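Using the hints, position chains B and C against chain A.
Protein chains in written order, with our numbering: chain A, 1 to 331; chain B, 332 to 623; chain C, 624 to 1018.
Derived from the structure by calculation, the hints contain no laboratory data. Take the hints with a grain of salt, since some may be wrong.
Unchecked claim - Covered by chain A, per the in silico footprint, the following chain C stretches (three or more residues, Cβ under 8 Å): (1) 721-732; (2) 764-770.
Stated by the list, open to error - Pairs of lysine to aspartate or glutamate, EDC-like flavour, derived with a Cα cap of 16 Å: (3) C:Lys923 to C:Glu676; (4) C:Lys960 to C:Glu988; (5) C:Lys831 to B:Glu555; (6) C:Lys682 to C:Asp965; (7) C:Lys1004 to C:Glu887; (8) C:Lys960 to C:Glu1018; (9) B:Lys423 to B:Glu511; (10) C:Lys691 to C:Glu681; (11) C:Lys1004 to C:Asp905; (12) C:Lys921 to C:Asp907; (13) C:Lys976 to C:Glu945; (14) C:Lys738 to A:Asp173; (15) C:Lys653 to C:Glu945; (16) B:Lys445 to A:Glu297; (17) C:Lys921 to C:Glu680; (18) C:Lys777 to C:Glu1012; (19) C:Lys740 to A:Asp37; (20) C:Lys738 to A:Asp290; (21) C:Lys913 to C:Asp965; (22) C:Lys714 to A:Asp290; (23) C:Lys872 to C:Glu891; (24) C:Lys740 to A:Asp290; (25) C:Lys714 to A:Asp37; (26) C:Lys777 to C:Asp965.
Model, not experiment: these values are computed from the prediction. Even for Gly, the Cβ is constructed at its ideal location relative to N, Cα and C.
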Amino acid sequence: MNSTTSIPGISKRFYPLKIFAVILILCSLALFPFISDNRFYISLITEMMIYGLLAMSLDVLLGYTGLLSFMHNTYMGICAYAVGLFLIHISPTSLWLACFAGVVFTSLVALPVGWVQVRTGGLAFALLTLAFGMMFYTIVWKWYAVTGGDDGLMGMPNPDITLFGWHLGSSSDPVNIYLFTLTVVTICFFLTRRIINSPFGAVLEAIRENEDRASFVGINVRRYKLLGWMLACILASIAGALFILYKGYIGPSTMSAFAGAGVLMMVLLGGMGSLWGAFAGAFIFIYIQDYISTMTEHWEIFLGLFVIFLVLFLPTGFAGLGDYFKRFRKA
Amino acid sequence: MSGTFSIAIDLLLNSLVLSGVFLIVAMGLNIIYGLSRIMNMSHGALYAVGAYIGYSLVATGVNYFAALIITPILVGIIGLLIERTIILPMRKRSMVYTLILTYGLMFFLDGMIKHIWGNRPRFIELPEFMQGMISILGTQYPVYRLMTLFMIAAIMIALMLLLSKTKAGIIMRAASTIPEMVSCMGINMSYVHMGAFMLGCAMAGAAGIIAGPLTTIDPLMGGEMLISSFVVVVIGGLGSLRGAVIAAILIGFVQTFTEFFITDLAMVIVFIMMAVILAFMPRGLLGEGKFE
Amino acid sequence: MKKIVTISLSLMMAFVLMSSQQVFAKDPVKIGVLVPLTGIVAQGGLEMKMGIEMAAEEKGTILGRDIKLYVEDTQVKPPIAVSKAEKLVYKDGCKALIGVFSSGVGLALASNIDKLKVPFLSTHVMTTEFYGIHPLVFRSGQLANDQTAVGNVKGIMARPDLKEKTYYVLVHDYAWGHDAGQRFIDLAKENGIKIYNEEYDRAPIATKDWSSYISKIKASGVDGVYIAFITNVIPVFAKQMSDFGLQGKVKTISAAAPGPLELEAGGEACFGIFGASDWSWDVDTPASNKWEMAFWEKYKTIPSDAAAHSYVGAMNLFNAIEKAGSTDAQAIAQALKGISFDGPYGNVRISAKDNCMRNSAVLTETMAAPENPFGAKVTMKVLHTFTAEELGPPE
Chain A
1 MNSTTSIPGI SKRFYPLKIF AVILILCSLA LFPFISDNRF YISLITEMMI YGLLAMSLDV
61 LLGYTGLLSF MHNTYMGICA YAVGLFLIHI SPTSLWLACF AGVVFTSLVA LPVGWVQVRT
121 GGLAFALLTL AFGMMFYTIV WKWYAVTGGD DGLMGMPNPD ITLFGWHLGS SSDPVNIYLF
181 TLTVVTICFF LTRRIINSPF GAVLEAIREN EDRASFVGIN VRRYKLLGWM LACILASIAG
241 ALFILYKGYI GPSTMSAFAG AGVLMMVLLG GMGSLWGAFA GAFIFIYIQD YISTMTEHWE
301 IFLGLFVIFL VLFLPTGFAG LGDYFKRFRK A
Chain B
332 MSGTFSIAID LLLNSLVLSG VFLIVAMGLN IIYGLSRIMN MSHGALYAVG AYIGYSLVAT
392 GVNYFAALII TPILVGIIGL LIERTIILPM RKRSMVYTLI LTYGLMFFLD GMIKHIWGNR
452 PRFIELPEFM QGMISILGTQ YPVYRLMTLF MIAAIMIALM LLLSKTKAGI IMRAASTIPE
512 MVSCMGINMS YVHMGAFMLG CAMAGAAGII AGPLTTIDPL MGGEMLISSF VVVVIGGLGS
572 LRGAVIAAIL IGFVQTFTEF FITDLAMVIV FIMMAVILAF MPRGLLGEGK FE
Chain C
624 MKKIVTISLS LMMAFVLMSS QQVFAKDPVK IGVLVPLTGI VAQGGLEMKM GIEMAAEEKG
684 TILGRDIKLY VEDTQVKPPI AVSKAEKLVY KDGCKALIGV FSSGVGLALA SNIDKLKVPF
744 LSTHVMTTEF YGIHPLVFRS GQLANDQTAV GNVKGIMARP DLKEKTYYVL VHDYAWGHDA
804 GQRFIDLAKE NGIKIYNEEY DRAPIATKDW SSYISKIKAS GVDGVYIAFI TNVIPVFAKQ
864 MSDFGLQGKV KTISAAAPGP LELEAGGEAC FGIFGASDWS WDVDTPASNK WEMAFWEKYK
924 TIPSDAAAHS YVGAMNLFNA IEKAGSTDAQ AIAQALKGIS FDGPYGNVRI SAKDNCMRNS
984 AVLTETMAAP ENPFGAKVTM KVLHTFTAEE LGPPE
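So here's chain A without its partners, still in its complex pose (with noise of 0.2 Å):
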C-alpha cells in the first residue's frame, strides 16, 4: 500500500559523511539557543521536534508496519493530559514521574484499543483508529470536569528539570525546554532507529510487504502489529509529555481528526519510511503553516494549494527529492 524508499540493510552500512552531517545538525540545534536570542524560533523549533517525534512515531506504525492512523496525535493528547492531571492534581514538582505516569498511563489505553484493531488490517484499521481517537476526542472534549472541555487544561506548574539530583533549570524558560526536548527527541530518534533496524524492524516490515508470507514463515502477525502499535504510541507519548511542558496547555483541538492529518501529511511530506523524512516533514509543514498564516487572512487557500501541489508533484516526500535528483540526472 505504499511505496518506500528505504532499502533494508542500507542504513547499517558505515558512512562518515551521513555520521558528519547528524553531528553537524545536532550541534547546530543545541547551539542554537545560545547563538540566538530570539525566542520565537527557539518556541517554533521546540515545537517542531514535537512534532518530528510524532511524525515519526507515526511513520513507525505508516511506513514500516504498513499500518494507517487517521488520528495518532489522539495518543500525545492523551499523554498530556496525563501528565498535565498528574502534575497539576498529585505532584507539581515531580516532572520525571509525571511524564513515566504519562507514558504509562497511555500505554494502557492504547494496549486493549491495539488489541482490537489489530485483528483487522488496511483500511479496516485505518478506520479503526479514526472510532476511537474520535471517541477520546469527543471524551476529553465534553468532560469538563477533569479535562476543561473546549477550555482545555489550564494552571500547569511548571517543575524544575533535574537528573539524579542535578538541578537543570526550571521548565518555565523555553531555552531550557528547548534543550530538553532536543535531548529527548534526540535519543528517541536513536532508539528508534536501532529498533527499527534489529530483526524486529525487519519483522515489521517484512508484514508490511505481505501479511500472509509473513505468516507462513512463522511470525505471529498479530503480536508483531501490536507490538508496532505499542511502539508507535508509546513515540507518540512522549511526544505528548514533551508538549505539555512546552505549552503549558494542552486543549481538545490538539486532538481533533483535522490535526491527525496534519500529522499524516508531516509524515507525507518528509517521505515514508524515512525516520528522518518524518522530522523534515514536520519541520516543513510547521513553517510553512506558520508563514502562510502571517502572510495573509486567507492563508487557508494557500495552505491547500500547497498541500494540493505537493502531492501531485513530491508524491515520495522530502526524502525522497534525492532520488528524484539522481533519475534526473541520468534521463
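Quick look at chains B and C alone, frame taken from chain A:
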C-alpha cells in the same frame, strides 16, 4: 403544547430530518468511494459550496425550486473540474495520497468560500408557503422541515432508479464490484470514475441547498458535516449504499434522542457507539468495503 | 551523500539567517493584534480588527513614533493563539498585545503572560476569572459576565411581563458559557426570578441544528429562555426558534450582544432578543453618532458593539503607552491602571484595583430599525442606560 405525544412526534421528525441530511451527504461519499476507492475529504467543503451557491442563486432572485435543480448541477461541474485536473493523475497511487490531496482541497475550498462569501452566516430566503408551521399528528411542525423529508426521499428514489434501471447505473454497480470486468467490456473506467465523482459531488451540493434553510450557512458547516457523514459511512460499511441508509437513520435518531434526554453526553454516545460497532464489526454493519 | 551535507549546511544557513534578524530601537511602536479571522467567530474578529485599526489611525502617533499593528489570526484555538503571541512578541517585537475573542483563548494567554512579559489588554474576554488575574493582564471591552448578568436581571425586574416568566438556561459548552449561565442563575434566584433548569444545558459550540434543544424548550413549557452563545450563533438560534413558531411565545434573553450583520441575515426572525451590552448604534449621543458615522465612512459596514469596544480598548492602550512615556512593559501596565477614555459609549475606565474596565451600558431589544444611514433593517433598540456604578463590581 407540552403533550408527551406531540413531543415524541417532534423528536421523531427531527431525527428523520437529521438522518436524511446525513444520508444524502454520506451517499455521495459512498458512491465516490465505492466506485473509485477515494476517500473524499473535501466532501464536506463541497456540501458547503452547494449551500453557498444555493444561497447566491436565491438571493439573486432565482426561484427556490429552480435553485434546487441548478445547484447540484453546478457542484457536479465543479466536481468534474476537480476530478479531471487533480484526482485523475492520482488514480494509480495509494489511497493515502488521495486522502491527503483531498484534505488539501478541503482547505482550499474552505478558504475560497471565505474569500467569496465572507465569514458571516447566511440564511436562504424560502418562498412564503414554506415558512409557516403545519399541524401534523397533534404537533406544530415547520413546513420546510417536513418538505425536506420529501425532497430527500425523492433524491433517494431517483438514485435508486438511476442505479437499477439505467445503463449508466448498471455499469456503475458492476464497476464497484469487478472493475476489471467492466474495462474488459470495452468501457473506459476513467469515465466511470469521472461520472461517480460528479454524481457524488452533485449529491453533496444537493444536500447543501436542502440543509441550508434548516440551519444556517457558514464557512464551518463543511468540516462538521464531513465528520458526521464519515461516521455514517464507516458504521454502514464503506461503499455500502444500504449500510449508509441504516447507519444514517441510526445516527440521526441516537443523536437527536441523546441531545434531548442526556444533553451533556450527546456526541460522546454517538462516538462510543461507533467505536463499539467497529470493534465487533470492523467492516461496518453491512461491510461490503474492500481495501484497495 | 552530497544531499545530506547540502541539507545540513542549508539548515545551518537558515539558523544563521534567523538569528541575525535584529529588533531596532527606533522602530514604530509595535502592537500585536490577536483576533480570530477564521473559525466560528471570524466575523466578530474582523469587526474587532476594524475597531482597533480605526483607533490606531485616529491616534496617529505615540511618543512621536508611528503605530504599527501586527495582526494575527488566533483561529479561536488557545494553543495557536499562544504560538502567535510568541511570534508577535519575540519575532515582530510587539510591545503590547490587544484583542482576543473567547475566554478559553484569553485564559490560555493570561497563563502564558509570564513568558511573554508584555501587557495584554483583552477587548472581548468576558469571564469573571479575569478580575485581577495578573498584573500585566487587563480588560477594556465587552462587559464581563457578572456585569451582563446584573444588567439582564435588572432589566427583567424592571419589566413586569418578563419578571413573571420562567427561564430555560442554555449555554455554549466552554468557560464563558458556563460562567455566564451560572452568574445569571445565581443572581436571578436572589431576585426571585424562576429558573426551569438550574443544571443548565450545555450545547457544543459546533451545534448547527438546534431542533433537539428547541424541542426540549417546547417540552418544558417555559416562556423564557436565557442563552449564552457566541454572538454569531444568536441569530441562528433565533431563526430556528422562529421556524418552530416559538418566537414571541418564548422570550429570548441573551448574555452576549448579537452582531449587527448576523442580525441583518436573520431578519425578522431575530426580533425580540433582549439583553445588556456596551453599545448599539441606536445610542443617541453626539459622541456615539459621530463615531458610528466615522466607522461607516471608513468601512461601509454597520458599526457593531465588537468594533466599538475594541476601538475604546485600543484607545485606552495607546493613551497608556503615551502616558507611560516608554514601551517598557511595567511602565505601560502602571499607566493602564486607572486610565480612562471618553468614547462612543461614555467614559470607560480601567479599574486600578482589578485591571478590568468599568463603564456604563445599555439594555437593548432587537426590533425593526427606523430610517438609518447604514440601510440596516434590524436594530438593537436602547430601552435603558445603566451607569457604571449600577453594573459594578464594587471597587
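A quick look at each hint next to the structure:
1. 721-732: holds (count 4)
2. 764-770: violated (count 0)
3. C:Lys923 to C:Glu676: holds, 14 Å
4. C:Lys960 to C:Glu988: violated, 33 Å
5. C:Lys831 to B:Glu555: Within the cut-off at roughly 9 Å; holds.
6. C:Lys682 to C:Asp965: Between C:Lys682 and C:Asp965 the Cα gap is close to 14 Å, so the pair holds against 16 Å.
7. C:Lys1004 to C:Glu887: Holds - the C-alpha atoms of C:Glu887 and C:Lys1004 are around 14 Å apart, at most 16 Å.
8. C:Lys960 to C:Glu1018: holds, 13 Å
9. B:Lys423 to B:Glu511: holds, 14 Å
10. C:Lys691 to C:Glu681: holds, 13 Å
11. C:Lys1004 to C:Asp905: Status holds; Cα separation ~6 Å.
12. C:Lys921 to C:Asp907: With a Cα-Cα distance of about 20 Å, the restraint between C:Lys921 and C:Asp907 is violated, given a limit of 16 Å.
13. C:Lys976 to C:Glu945: violated, 21 Å
14. C:Lys738 to A:Asp173: Given pair C:Lys738, A:Asp173 holds - Cα atoms ~8 Å apart, limit 16 Å.
15. C:Lys653 to C:Glu945: It holds: about 13 Å lies between the C-alpha atoms, which stays within 16 Å.
16. B:Lys445 to A:Glu297: holds, 10 Å
17. C:Lys921 to C:Glu680: Holds: C:Lys921 and C:Glu680 sit about 11 Å apart, inside 16 Å.
18. C:Lys777 to C:Glu1012: Roughly 13 Å separates the two Cα atoms, so the pair holds.
19. C:Lys740 to A:Asp37: holds, 15 Å
20. C:Lys738 to A:Asp290: Violated. C:Lys738 to A:Asp290 sits at ~20 Å, over the 16 Å cutoff.
21. C:Lys913 to C:Asp965: holds, 13 Å
22. C:Lys714 to A:Asp290: Distance ~12 Å between C:Lys714 and A:Asp290 Cα, so the pair holds.
23. C:Lys872 to C:Glu891: At roughly 15 Å apart (the allowed maximum being 16 Å), C:Glu891 and C:Lys872 satisfy the hint.
24. C:Lys740 to A:Asp290: With a Cα-Cα distance of about 22 Å, the restraint between C:Lys740 and A:Asp290 is violated, given a limit of 16 Å.
25. C:Lys714 to A:Asp37: holds, 10 Å
26. C:Lys777 to C:Asp965: violated, 25 Å
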